[in-house]
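J.: Going down the list, the protein sequences come from chains A and B. Numbering-wise, the first sequence is residues 6 to 336 according to our numbering. Numbering-wise, the second sequence is residues 3 to 257 according to our numbering.
Careful: at least some of the hints might be erroneous.
Unchecked claim - From the derived model, a few chain B residues whose C-beta atoms are all more than 12 Å from chain A: (1) Gly17; (2) Met80; (3) Asn100; (4) Asp110; (5) Asn151; (6) Glu169; (7) His193; (8) Asp199; (9) Glu229.
What the hints assert, rightly or not - Here are the simulated DSS-like pairs of lysine-lysine, each with C-alpha atoms no more than 25 Å apart in a straight line: (10) B:Lys79 with A:Lys202; (11) B:Lys213 with B:Lys195; (12) B:Lys195 with A:Lys202.
If you are wondering where the hints come from, they were derived from the structure by calculation, not from laboratory data. Note that this is a predicted model, so its numbers are computed, not measured. Ideal Cβ positions, reconstructed from N, Cα and C, are used throughout, including at glycine.
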Amino acid sequence: MLKSSSGFSIQFWLPVSAIFVFLGMAPQIVSAYRLELLTIFLINVILAQSYRLMTTTGDWTLCHYILMGVGAYATGILAKKFGIPFYMAMPLAAMITVGVSFLFAVPLSRTIGFAFFIASFALGEFVRHVWLKFHNPFGGARGVNGIPKLEIGQSGDWYFIDFWEPTNFYFFTLIFTVVVLVILYRIDRSRIGNAWKAIYADSELCESIGINVARARIMVFCVAGFFAGIAGSLMAYLIGSIDPHNFEMVEMVYLIIWVVVGGVKTFWGALIGVISMSLVFELTRPLEEWRPLLFGVILIVFLVYMPGGLETIIPRFKSFFVDLFGKKEIS
Amino acid sequence: MSFFSVKKLSKSFGGLQANHMIDLEVEKGEIRGVIGPNGAGKTTFFNVVSGFYAPSSGTVEFKGQVISGLSSSKIAKMGVVRTFQRPALFPDFTVLENVVVARHLNADASLMNAIFRHNNKAEAGNLKRAKEIIDFLGLEQEQDNLAANLSHGHQRVLGVAMALATEPELLMLDEPVAGMNSGEKAIMVDHVKKIRDDWGITILLVEHDMKTVMNLCDKITVLDFGEKLAEGLPEEIIHNKKVIEAYLGADEIVA
């Protein structure tokens with residue numbers, strides 16, 4: 006954790022540059038429909054990574070998807086009802102999500118483990134029902150429709166960019182995703198990131214060495230909420246309409262599956278999880294209504310046979326070969 | 003104004019009176035031992051003083067400020083830091099990382115620092131200080147090992163190292179030699195003496211092991227059935243009739 010963040014090896018840069026080449030050329034390679042799926046995938050990466058940050062203190066919530074919804078609703082209402090342009094609406098929506106996260110986190114920080122899990126679910130459902138019941142300004146069950154499209158400048162300006170164009174929106178999301186990943190990576194490797202992991206390991210010890218555990222847990226919740234808000238904001242602009250059904254429990258279950266399958270111990274786990282599960286999700290489209298069953302089985306298999314997630318495969322391989330050939334082969 | 007004082011401290015859990023009207027004063031630079039037979043209320047006393055429980059009545063003052071009722075992290079910030087009876091550490095971090103994390107109070111742990119100014123100078127200072135503490139406690143051989151892989155004795159020493167990393171003025175040790183063999187005990191006794199003699203840190207410790215306490219402490223307070231039974235120099239305590247009775251009584255039950 007104390008190593009400088011610039012010390013990446015060739016084993017790191019090779020696949021990463023390959024991924025970037027693919028992502029950069031994607032609009033040329035894939036169909037418009039696939040490109041939209043890829044855009045949603047990038048938003049999911051932000052969401053999964055923000056949720057992984059949340060879990061570093063050991064606090065698994067059941068309301069992260071609702072926080073994304075808060076960002077989406079805030080964006081929709083700000084953009085539609087108040088006509089606020091995206092460069093104001095997005096940060097404002099993220100800050101509103103932080104505010105809601107804070108209101109959630111203060112009572113939740115008094116609970117731990119299972120109580121935290123269930124209480125977060127209750128708070129999330131409360132917010133979802135507020136969306137359902139209040140037609141003004143949330144639009145009830147129909148939600149907020151006709152969110153203005155995202156654009157820079159006016160049509161005719163030389164710098165005009167229309168993000169209704171899938172390729173433009175795709176790159177817009179890609180930039181956000183990369184920036185968010187860099188920020189989250191730095192947080193993960195920083196002192197405060199380590200303090201959060203320390204809270205998971207032993208919160209009593211953390212208190213005794215002067216880490217204010219309750220404050221830290223509230224802070225993690227708010228930071229994770231900020232990035233969930235960004236994800237929601239992007240989603241609102243992408244789809245153009247949002248309603249409470251976008252933010253039902255099943256979405257939260259998928260989020261948990263990504264994170265469990267990938268693992269949460271390292272920064273890369275959640276990333277691996279969301280990539281692999283998105284691939285599985287797309288490849289199993291022909292299964293139709295049988296798909297949730299498959300994902301349920303995947304979740305159970307991982308919890309039983311690989312509780313650390315996919316990220317533990319390489320260390321497992323290594324220790325397997327170490328056992329096989331003795332220590333000096335692999336260092 | 004004394005350095006550290008406990009005044010009429012009581013703590014009860016429901017009907018059980020674990021501590022009753024305990025008074026205690028510790029001078030700066032002292033090594034004070036708190037002993038007592040099983041169930042005397044030592045651990046409760048320790049947990050109340052270090053902020054893990056709020057007292058039912060009475061106060062704890064440190065350098066003239068009331069610290070009882072504050073959270074442990076606030077008490078640690080004021081310079082009173084405790085260790086644990088169990089090996090308390092972050093198992094997935096190396097020894098060095100454990101001590102560096104414990105430098106929390108002396109570091110900039112803000113989010114802005116995390117995002118924009120990674121690996122800055124202050125962090126280099128923290129690393130240097132952490133290594134100093136590790137050398138001081140003779141853990142330099144173990145520096146890069148995972149804390150989970152240390153021996154019990156080393157894990158307990160690491161606990162003390164982490165407490166020292168917060169730069170305390172009063173160090174509270176909860177049974178520092180519990181579960182150790184005689185070699186490890188001697189090393190721990192040595193460390194505690196060095197911490198006081200070389201760094202001038204006041205020490206308050208709760209301990210079961212009579213020999214260690216007699217060796218180590220300048221002054222001893224004896225608790226029995228939640229009340230203060232006696233207080234004095236080690237040689238006074240060892241000849242105190244009430245203390246002998248309390249301990250012999252306990253021994254008879256054990257035997």
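J.: State for each hint whether it applies.
T.: Here is how each hint holds up against the structure:
no.: 1; hint: Gly17; result: 26 Å, holds
no.: 2; hint: Met80; result: 10 Å, violated
no.: 3; hint: Asn100; result: 9 Å, violated
no.: 4; hint: Asp110; result: 8 Å, violated
no.: 5; hint: Asn151; result: 14 Å, holds
no.: 6; hint: Glu169; result: 10 Å, violated
no.: 7; hint: His193; result: 18 Å, holds
no.: 8; hint: Asp199; result: 24 Å, holds
no.: 9; hint: Glu229; result: 27 Å, holds
no.: 10; hint: B:Lys79 with A:Lys202; result: 21 Å, holds
no.: 11; hint: B:Lys213 with B:Lys195; result: 15 Å, holds
no.: 12; hint: B:Lys195 with A:Lys202; result: 33 Å, violated
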